[in-house]
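At position 349 of the sequence shown the residue is numbered 349 (full-length UniProt numbering), and the sequence of numbers has no breaks.
Hints may be right or wrong, so weigh each one.
[To be verified] Simulated restraints on C-beta separations:
id, residue 1, residue 2, range
1, Pro211, Arg167, 47 to 53 Å
2, Ala287, Arg191, 26 to 32 Å
3, Pro130, Trp206, 51 to 57 Å
4, Gly6, Ala360, 49 to 55 Å
5, Trp294, Ser160, 45 to 51 Å
6, Ser160, Ala240, 14 to 20 Å
FYI, nobody ran anything at the bench for these hints, they're computed from the structure.
Idealized CB from N, CA, C, for every residue including glycine.
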Amino acid sequence: MKFYRGLPSTVFALGWISFFTDLSSEMIYPLLPLFITGVIGAGTIGLGVMEGLAEATAALVKLFSGHLTDKTGKRKPFIVTGYGIAGLVRPLIGVAFSLPFVILLRFLDRVGKGIRSSPRDALIADVTPPAQLGAAYGFHRAMDHGGSVLGPLVAGALLSGFGFSLRQVFLFAVLPAAVVMVIAVFGVAERPHAKIKQPPRLRGAWSGFAPRFRWFLAAMGLFSLGNASDAFLLLALAEANVPAAWIAVLWAAHNALKMVVSAWSGRLSDRIGRLRLIVWGWLLFGAVYLAFGWVDDLLPMCSLFIGYGVVFGLTEPCQKALVADFCEPHTRGVHFGFFNAVIGLAALPASFLFGFLWYALGKEVAFGVGALTAWCAVALCLWRLPFDGYNEALS
């Protein structure tokens with residue numbers, strides 16, 4: 001932990017909150033495609049619609065919660081409420097017997113995520129010195145992925161070692177969710193900041209953003225259009241006859257690599273800049289997606305899936321730190337709201353299109369279109385956002 005010595009205690013608290021949240025959610029998420037298609041009986045289009053609607057809902061809520069957290073000057077109430085809603089409804093998937101009920105619960109889970117995400121990201125920037133922003137977001141993402149490592153392992157142990165059913169595993173996920181609430185209530189402290197200016201109105205916020213930030217959001221949205229739900233990668237593993245318990249283990253290995261790379265890339269971005277790491281990550285995403293569409297052998301497919309974790313380990317901390325670079329303290333919520341909204345709103349067409357292409361033309365075409373879209377986002381970055389230094393947001 002000496003790598004992160006000097007970070008504020010609130011950053012550590014938020015990191016542990018994300019750890020236990022993902023421990024809870026990742027006991028469910030990697031098994032959800034199998035549950036939807038096997039137990040509930042829905043197909044790839046139904047899976048795509050569910051995931052797209054869930055993420056699009058979260059995106060809209062993130063936009064408004066970002067605006068409200070700036071308007072009220074408060075972060076913690078949104079954080080506690082958001083984690084509370086998600087932690088309560090997520091395990092109830094274990095008692096679902098129809099796709100509409102699963103969609104409703106997934107919807108409410110994403111509402112909770114939407115309420116907490118932008119205020120949480122803004123709070124990290126509030127309490128962290130500018131020179132450590134990459135390290136702070138890298139730590140947070142690493143802890144998030146650490147929970148994603150342990151969650152599937154716990155699920156796999158419960159399935160294969162203790163004979164739990166999928167439904168029982170989902171219900172068991174309420175325990176780490178309860179730990180989250182304790183840390184959120186007692187471990188998170190927000191830093192009051194003077195309201196020097198009134199936060200921008202949501203309607204006119206876009207025109208007030210720096211042009212480079214608008215171009216960054218455009219590139220982020222384009223990339224996100226090709227980045228369908230990871231549920232489709234998990235489904236591809238399931239169709240390759242990988243057992244449910246082993247899918248959980250592979251998901252854990254995938255997230256372990258995310259954790260390690262996030263810890264490194266966030267800190268590195270404080271020294272060499274954010275955009276170059278984002279571009280390299282998006283280039284790698286396209287290569288992995290293209291390969292995933294054409295590989296059918298079990299071992300190469302599993303290796304690609306684990307290696308896919310490098311992409312988001314490289315990009316996630318850098319993207320959030322770059323957003324924080326762009327904004328003043330009183331507009332952090334709005335900036336993160338738009339950033340999160342752009343990603344989430346692209347999730348609905350991305351997942352629906354991917355599911356349709358897979359159904360109509362095969363997985364090769366679906367993954368190929370995703371790869372091409374990512375490379376187009378790279379081209380847009382290189383055209384409009386040249387990177388030549390540490391603070392690329394202002395250069």
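Verification of the supplied hints:
1. Pro211 x Arg167: 47 to 53 Å: holds (51 Å)
2. Ala287 x Arg191: 26 to 32 Å: violated (41 Å)
3. Pro130 x Trp206: 51 to 57 Å: Given range 51 to 57 Å: violated, Cβ gap about 24 Å.
4. Gly6 x Ala360: 49 to 55 Å: holds (53 Å)
5. Trp294 x Ser160: 45 to 51 Å: This hint is violated: roughly 31 Å between Cβ atoms.
6. Ser160 x Ala240: 14 to 20 Å: Between serine 160 and alanine 240, where Cβ atoms are some 19 Å apart, the hint holds.
The structure fails to meet hints 2, 3, 5 from the earlier list, while all remaining hints are met.
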